[in-house]
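Participant: Residue numbers (our numbering), protein chains in the order written: chain A, 1 to 121; chain B, 1 to 144.
These are calculated hints, taken from the structure and not from any lab test.
Hints may be right or wrong, so weigh each one.
What the hints assert, rightly or not - Mimicking DSS-like on lysine-lysine, the simulated pairs with C-alpha atoms at most 30 Å apart in a straight line are:
| no. | chain 1 | residue 1 | chain 2 | residue 2 |
| --- | --- | --- | --- | --- |
| 1 | B | K65 | A | K32 |
| 2 | B | K61 | A | K88 |
| 3 | A | K11 | B | K61 |
| 4 | A | K7 | B | K61 |
| 5 | B | K65 | A | K5 |
| 6 | A | K88 | B | K105 |
| 7 | B | K76 | A | K114 |
| 8 | A | K7 | B | K65 |
| 9 | A | K114 | B | K61 |
| 10 | B | K76 | A | K88 |
| 11 | B | K76 | A | K5 |
| 12 | A | K32 | B | K76 |
| 13 | A | K88 | B | K107 |
| 14 | B | K81 | A | K88 |
| 15 | A | K32 | B | K61 |
| 16 | A | K5 | B | K81 |
| 17 | A | K5 | B | K27 |
| 18 | B | K140 | A | K86 |
| 19 | A | K88 | B | K114 |
| 20 | B | K114 | A | K86 |
| 21 | A | K32 | B | K107 |
| 22 | A | K114 | B | K65 |
| 23 | B | K107 | A | K86 |
| 24 | B | K27 | A | K7 |
| 25 | B | K114 | A | K7 |
| 26 | A | K32 | B | K114 |
| 27 | A | K7 | B | K76 |
| 28 | A | K32 | B | K104 |
| 29 | A | K86 | B | K105 |
| 30 | B | K65 | A | K86 |
| 31 | B | K107 | A | K11 |
| 32 | A | K114 | B | K105 |
| 33 | B | K140 | A | K88 |
| 34 | B | K107 | A | K12 |
| 35 | B | K140 | A | K7 |
| 36 | B | K61 | A | K5 |
| 37 | A | K88 | B | K104 |
| 38 | B | K114 | A | K5 |
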Amino acid sequence: MIDEKLKIQTKKNDDIHCVYLNGYLDAHTAPKLEETFQRIINEGGYKILVNFSELDYISSAGLGVFMAYIEDVRNNGGDIKLTSMKDKVFSVFDLLGFPMLFDIDADEQDGISKLANNQFR
Amino acid sequence: MKAENSHNTICTAGDVVELSRIRDFVKSKAEVFGFGDGDCNKIVLAVDEACSNLIEHAYRKDASKLLCVEIDSLDKDFIIKILDNASPFDPLNVLQPDMEEYFKKLKRGGLGIKIMLMVMDEIHYYPSTEQNPVNTLILKKHLN
Chain A
1 MIDEKLKIQT
11 KKNDDIHCVY
21 LNGYLDAHTA
31 PKLEETFQRI
41 INEGGYKILV
51 NFSELDYISS
61 AGLGVFMAYI
71 EDVRNNGGDI
81 KLTSMKDKVF
91 SVFDLLGFPM
101 LFDIDADEQD
111 GISKLANNQF
121 R
Chain B
1 MKAENSHNTI
11 CTAGDVVELS
21 RIRDFVKSKA
31 EVFGFGDGDC
41 NKIVLAVDEA
51 CSNLIEHAYR
61 KDASKLLCVE
71 IDSLDKDFII
81 KILDNASPFD
91 PLNVLQPDME
101 EYFKKLKRGG
111 LGIKIMLMVM
121 DEIHYYPSTE
131 QNPVNTLILK
141 KHLN
């Protein structure tokens with residue numbers, strides 16, 4: 001059932017792990033994204049880009065996944081960059097001030113460039 | 001509380017798998033009431049947050065428990081009532097996080113009630129009583 005609600009694809013470009021989200025990120029599906037982040041980190045990946053272009057919904061349970069991993073990632077010299085959000089998804093991040101903590105770019109390439117050039121928060 | 005679904009009520013198991021069905025129900029009602037996409041999204045988000053909190057914290061993911069979402073209206077007020085049988089817990093008594101401090105300390109969780117307060121016009125909570133053994137959370141949004 002989770003697979004129908006949230007599809008996740010990953011791609012690795014050099015040391016940058018790209019995560020593509022499709023569907024709905026809520027209290028039901030958030031554990032699936034946690035598993036993906038945990039797998040990337042277990043493999044030693046700390047430069048993570050998340051592309052939201054096909055994500056239609058996020059709740060605070062979804063926001064919590066990014067909060068859960070950002071410290072670990074940054075403490076290991078990496079970052080999580082967020083890109084390509086629909087307005088309705090960005091508005092949830094923006095409502096609570098998440099742009100204070102995360103770079104959120106309109107274009108995936110901007111996020112990749114920042115990771116490649118080690119432009120971290 | 002009986003599982004009586006109707007035109008304006010949806011009752012589901014207290015299970016996060018049901019969240020998408022609850023969101024679809026609330027969105028369809030908010031659209032018919034006349035809200036645009038932005039307000040519909042806010043209303044759906046608030047109901048999701050309320051039901052997620054209920055399922056995870058009050059029901060502790062016990063899917064044998066039941067929750068109901070009723071839609072009502074009064075003039076231009078769109079009213080959502082969320083009914084449950086858990087131990088009473090008033091979300092309005094919870095101290096809300098300061099987001100600068102939240103980000104500085106890299107906290108996690110505890111944002112659901114804050115979101116509800118930010119996107120809805122009114123929130124009321126009525127704990128169960130001997131006469132009415134159902135807790136009721138009321139969320140209101142005014143149609144401008």
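Participant: Now, for every hint given, state plainly whether the structure supports it.
Facilitator: Verification of the supplied hints:
| no. | hint | verdict |
| --- | --- | --- |
| 1 | K65/B with K32/A | 24 Å, holds |
| 2 | K61/B with K88/A | 28 Å, holds |
| 3 | K11/A with K61/B | 33 Å, violated |
| 4 | K7/A with K61/B | 23 Å, holds |
| 5 | K65/B with K5/A | 23 Å, holds |
| 6 | K88/A with K105/B | 27 Å, holds |
| 7 | K76/B with K114/A | 47 Å, violated |
| 8 | K7/A with K65/B | 29 Å, holds |
| 9 | K114/A with K61/B | 40 Å, violated |
| 10 | K76/B with K88/A | 24 Å, holds |
| 11 | K76/B with K5/A | 33 Å, violated |
| 12 | K32/A with K76/B | 40 Å, violated |
| 13 | K88/A with K107/B | 24 Å, holds |
| 14 | K81/B with K88/A | 24 Å, holds |
| 15 | K32/A with K61/B | 17 Å, holds |
| 16 | K5/A with K81/B | 26 Å, holds |
| 17 | K5/A with K27/B | 17 Å, holds |
| 18 | K140/B with K86/A | 26 Å, holds |
| 19 | K88/A with K114/B | 18 Å, holds |
| 20 | K114/B with K86/A | 22 Å, holds |
| 21 | K32/A with K107/B | 20 Å, holds |
| 22 | K114/A with K65/B | 47 Å, violated |
| 23 | K107/B with K86/A | 25 Å, holds |
| 24 | K27/B with K7/A | 22 Å, holds |
| 25 | K114/B with K7/A | 28 Å, holds |
| 26 | K32/A with K114/B | 25 Å, holds |
| 27 | K7/A with K76/B | 38 Å, violated |
| 28 | K32/A with K104/B | 26 Å, holds |
| 29 | K86/A with K105/B | 28 Å, holds |
| 30 | K65/B with K86/A | 35 Å, violated |
| 31 | K107/B with K11/A | 29 Å, holds |
| 32 | K114/A with K105/B | 24 Å, holds |
| 33 | K140/B with K88/A | 21 Å, holds |
| 34 | K107/B with K12/A | 29 Å, holds |
| 35 | K140/B with K7/A | 33 Å, violated |
| 36 | K61/B with K5/A | 19 Å, holds |
| 37 | K88/A with K104/B | 26 Å, holds |
| 38 | K114/B with K5/A | 25 Å, holds |
Checked against the numbered hints above, the structure violates hints 3, 7, 9, 11, 12, 22, 27, 30 and 35; every other hint is satisfied.
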